[in-house]
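S.K.: Mind docking these for me? Both chains are given alone in their own frames, and the hints should help you get the complex.
Here are the chains, one letter per residue:
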Amino acid sequence: MARIDGTSAFLARGLRTLALAVIVLFFLFPILWIVLMSFQTNEQILRIPPSLLFDPTIVNYRALISGKLVTAAGQLDLPFMRNLGNSVLLSSVSVLLSLVLGVPAAYAFARFRFRLGENIAFTLLSFRFAPPLLVLLPLSLYFQDLGLANTYTGLVWVYQLICLPLILWIVRGYFEDASPDIEYAYRVDGHSWWRAFTRIAIPLAGPGIAAAGLLAFIFAWNNFVFALILASADKQPVTVGALAFVTASGIQYGQIAAAIVLSILPTLALALYAQRWLVEGLSLGAVKG
Amino acid sequence: MSLLLDRLSKTYPGRDGHPVRAVLGLDLHVEDGEIVALLGSSGCGKTSTLRMIAGFESVTAGTITLAGRRIDGQPPDRRGVAMAFEGYALYPPLTIAENIGFGLVRDKRGLSREAAAQRVREMAEMLEIAPLLARRPGGLSGGQQQRASLARALARDAALYLLDEPMGQLEPQLRAVLRGRVKAALKSRGCTALLVTHDQTEANAMADRIAVMEGGVLQQYGPPAVLRERPANLFVATFLGEPPMNALAAKVQPEGLSLADAAGQCIPLPGVKLPPDGVNVVLGVRPHHLHLGEGPLSGTVISNQWLGDQAHVVIELREKIIVAVSHTRVKLRAGERIAFGFRPAHAHIFDGQTGRALAHGPQPA
Numbered sequence: 001m002a003r004i005d006g007t008s009a010f011l012a013r014g015l016r017t018l019a020l021a022v023i024v025l026f027f028l029f030p031i032l033w034i035v036l037m038s039f040q041t042n043e044q045i046l047r048i049p050p051s052l053l054f055d056p057t058i059v060n061y062r063a064l065i066s067g068k069l070v071t072a073a074g075q076l077d078l079p080f081m082r083n084l085g086n087s088v089l090l091s092s093v094s095v096l097l098s099l100v101l102g103v104p105a106a107y108a109f110a111r112f113r114f115r116l117g118e119n120i121a122f123t124l125l126s127f128r129f130a131p132p133l134l135v136l137l138p139l140s141l142y143f144q145d146l147g148l149a150n151t152y153t154g155l156v157w158v159y160q161l162i163c164l165p166l167i168l169w170i171v172r173g174y175f176e177d178a179s180p181d182i183e184y185a186y187r188v189d190g191h192s193w194w195r196a197f198t199r200i201a202i203p204l205a206g207p208g209i210a211a212a213g214l215l216a217f218i219f220a221w222n223n224f225v226f227a228l229i230l231a232s233a234d235k236q237p238v239t240v241g242a243l244a245f246v247t248a249s250g251i252q253y254g255q256i257a258a259a260i261v262l263s264i265l266p267t268l269a270l271a272l273y274a275q276r277w278l279v280e281g282l283s284l285g286a287v288k289g
Numbered sequence: 001m002s003l004l005l006d007r008l009s010k011t012y013p014g015r016d017g018h019p020v021r022a023v024l025g026l027d028l029h030v031e032d033g034e035i036v037a038l039l040g041s042s043g044c045g046k047t048s049t050l051r052m053i054a055g056f057e058s059v060t061a062g063t064i065t066l067a068g069r070r071i072d073g074q075p076p077d078r079r080g081v082a083m084a085f086e087g088y089a090l091y092p093p094l095t096i097a098e099n100i101g102f103g104l105v106r107d108k109r110g111l112s113r114e115a116a117a118q119r120v121r122e123m124a125e126m127l128e129i130a131p132l133l134a135r136r137p138g139g140l141s142g143g144q145q146q147r148a149s150l151a152r153a154l155a156r157d158a159a160l161y162l163l164d165e166p167m168g169q170l171e172p173q174l175r176a177v178l179r180g181r182v183k184a185a186l187k188s189r190g191c192t193a194l195l196v197t198h199d200q201t202e203a204n205a206m207a208d209r210i211a212v213m214e215g216g217v218l219q220q221y222g223p224p225a226v227l228r229e230r231p232a233n234l235f236v237a238t239f240l241g242e243p244p245m246n247a248l249a250a251k252v253q254p255e256g257l258s259l260a261d262a263a264g265q266c267i268p269l270p271g272v273k274l275p276p277d278g279v280n281v282v283l284g285v286r287p288h289h290l291h292l293g294e295g296p297l298s299g300t301v302i303s304n305q306w307l308g309d310q311a312h313v314v315i316e317l318r319e320k321i322i323v324a325v326s327h328t329r330v331k332l333r334a335g336e337r338i339a340f341g342f343r344p345a346h347a348h349i350f351d352g353q354t355g356r357a358l359a360h361g362p363q364p365a
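Those protein sequences? They're chains Y and P, same order as listed.
Going left to right, the first sequence walks through residues 1 to 289 as our numbering numbers them.
Going left to right, the second sequence walks through residues 1 to 365 as our numbering numbers them.
The shape of chain P in the complex, shown without the other chains (with noise of 0.2 Å):
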């Protein structure tokens, strides 16, 4: 069912007497059958947000609507949304098939016995914790316990799904194939869900879309290839993708940009809508699209190290340090000076001051 959440904020009082504002003015829109990623460093609010749609935070102003309905003033139980705690949060007392099953059976709005029996197995089997069904939590890894209370979560029948760091405890190889199979699971059955993360892959793997926080504010809203293609801001542009975007200071000349970071050098950006003259700008250009041994900037290799499928040379660009990309082996040493460069399409420029995005290169990725 589609959510909406209409400038959502929470504060919290703080133990100094200084409040804490850990989520302000949100608004987003999941559609009915999306799947949407909260990401963001610990502490942007993400979690508050959350805990706030599921009803275990008060909200400090704004609405949360789903399906149409008001839920803010509602309670929990009255929510009809199922979540996977970060924390587990398994009865300790229960078998891992009753937590799981533990929603399913009840009152006459649940499924029978039999049919809730085969939910559970189903998301076992689907989980890969079908073995462990007869044991309690107590004896469990994390990353099992973790899987429990993920199946948990999907087994029920929800308007909404809220999945907390999902598989932060998982191995990445099982990282890796449950993404796949919990995301279609949850499209198979026309899910909405909340995913919270801090792991950009994992957003990336299962979200339509992903939602960037940082400070409590929403920096972007959009599809993982827009946000990476057209970051909105400099922290969105900076903190998604590996190694992080580089970022320049520069002024807009006539002929160009020139490089305060790289002594004031002019480089010519043909195609790309510079901002008027004289504006202090913010070039950014990724990793992995700074061409090495050709170009206009020159700077001092610090290091270069081969991953095993790419290597990363970090160059001292006078006081600034750059990453670069390369996919194949490079004969680089630290001390040597090298050119590099990059095509005017890769630029990204930002405001100097708000760091918000001014022009984006015709081929940005």
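With the rest of the complex left out, here is chain Y (with noise of 0.2 Å):
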């Protein structure tokens, strides 16, 4: 019987382990497959039949950095240098300020009873629910007239109906779950409320406001339609900036390769970096209990 059981056992992990080398396979296969297409040309990519070997080049990385992108057609100008500084413009200002607004508002509607607060909590996260293209119509004609379009002010506030109720309602639970009783303590060993706040409350919810700014980040970086109608050339993201990249004499494959994975380091690296955060509230989450 033992046997049996060490021989199923060894099927059924050998199994699992292959389950999850095909899923690994599957989602990660486009990734390296760009990755691959950023060191190639147009010319190695577009032949038939498509092959993992190849003479790696540089000359994608070197027309998005220098900003000359040489086709058939002649040489175009390239901001893609711009819009990626943009990117990280935007999505870094909109989640500090979401989370300037959204961290306290989170502890107020977590600790306080007070009058239309879950309404005010719910029409906050009720945003989330609109389809932004019902939005903007009407939001580029305010923006207009108010003289926000097309600036870094009025594409950060917009960016608020993504990062605000995402941050509020993360950081809202991590509040709750942390006793209150813990910063009651430290108000009667004589500290101010604020000091509770800062001291207390936040660092407990620390992996909270960490995994809460994080996703904000990726979804900030990850949108489109805001900056397509509301921002040109100049104030544009990487996402809207990448169309640039079907010219009149095709689509450049390799750069756009190129500027994906260019694009994706900076969220990667913020990720790699909040992860020691999001750990460390897993085990902090053990010691709570």
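None of these hints come from the bench; they were simulated from the model.
All C-beta atoms, glycine included, are put in the ideal place defined by N, C-alpha and C.
Derived CB-CB ranges, DEER-like: (1) Y:L243 to P:S58: 52 to 60 Å; (2) Y:T198 to P:G168: 30 to 38 Å; (3) Y:A130 to P:R113: 54 to 62 Å; (4) Y:S126 to P:G68: 47 to 55 Å; (5) Y:R276 to P:Q74: 39 to 47 Å; (6) P:Q173 to Y:W194: 39 to 47 Å; (7) Y:S192 to P:G241: 44 to 52 Å; (8) Y:L20 to P:D199: 50 to 58 Å; (9) P:H18 to Y:V22: 57 to 65 Å; (10) P:D199 to Y:S192: 34 to 42 Å; (11) Y:E118 to P:G43: 23 to 31 Å; (12) P:T65 to Y:S192: 16 to 24 Å; (13) P:R230 to Y:N119: 48 to 56 Å.
To give an idea of the chain Y side of the interface with chain P (calculated C-beta under 7 Å), a few residues: (14) S179; (15) Y184; (16) A185; (17) R187.
M.R.: Listed below in structure tokens is the structure:
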């Protein structure tokens, strides 16, 4: 019996490993393929049959970084690096603003009962329900009247629709999980409300804040329609800027791939950095009980 | 420092629109250096009272005065109170030593680093947690965390110490030891303390005076002996004491009390100041004051349990269940008839409607 059990356990483990490998391959292969494409010229990419073996070239990256795209139809100016800068600027400023506004609000919703509290919280969440395209036309008209169209301020403001509800609702849950008595204990030790909030409540909700911030950053980074309508070329993030690779002389697959690789990097770096906090959060959660 | 609660009330907005009255017009005066226990079952308003004094709950009506200063409008950090939490509320990232010493070294008002470390060590030794000082709260048992929380409160120099069920998680033996030590420490430093507990042994052992609460209302406030000997009403009489006091419905007659629970049998109570004839009352007698084998009453034995140092004999008196305690073994089997009685000196008489105490025998304890 024991031997049969051992064999079936071994088999089960083998099958699970195989299944995981298939899943990983399925999800990561496109990314791997993009990375490979970014080191090939358009001709190499488009040859039939495709091949995994090629002479790597950095011509795509050089074109992106120098901002000069040489095509059969001539030389094009490519504001990719500026787009990347815009993405970093818009996403990080939006997330920072959302954290500044959303974390105290989440704390208030978690700790205090006040009139219409639940309604306000739900209204903020409901911003996520509205289809962006429905909101965009009136929004772009208002923005033109207010002089906010094609400004960083206007875009950061609109990005709050993406970031603020996310941060508010995730962080609220973390505040609710932490016992208010720990803050009270700090209060009776002679500390002000503000110090209890910054020294006790925020660190205890730290992992939640990190997770919510990271998620909000990714959502803001990936946004396309808001910036497409509300910003012109010099304010556009990479998601919109990538449209420039569809040129009169064809689609520049190599540059698109290189652009994707470059535009993944900041989010990836942030995720790796935030991982520290997320893992710390898990172990802190074990302590709480 | 002395604490004065004047008509303190707390009403919570209920979920279904009905406001919940947690505390109703509570008057309480705690003298400087006194230890007072707020005793009651869960939901009686004792913890709400404590949290209002600490400043975690707003006051619906009434005032709180500590050391001659109104504090009910002050934030918790300006009230000068120290608190031990029922849920411990230790800071997870700090060690036990850092937790205890947390409120000590602070700005210019606090102790020096050496004095604070010394104080932390003393508290830890008193509460038997010295070996845990370098550990973090996460790995500790409930009882250990509770003692750390208590140590953190006692280490402070505060005008008032609020202790919310400070020993609920401890083993009985350790609890008995620490009760004495904590009381001695509070007394030697002249501390004023308010202890919230549902454990009457703890209240009796530690408190100079006990305030019994029920339904948000203060039932009686006095030294443990007075509560035991002269309970102000039927609630206090039956709440204190284990097993609880026996209560029998009765009517005052010219020759004594006629017991409704014993088919109108009349028992004389010489020496007890009975209310006027015809008044419906409740007769209360503590289980250890009932004498088995002799007396005017009789009933059927339901059970007889020897608990190692005392016997609990449960007797059915018509519809009514009576408990008697005997300190010697008694040979009684279920179903046997037994006569029993009590000395008039041990009787308590309560109003039949309100439960208010009307008379006590001359030797009520």
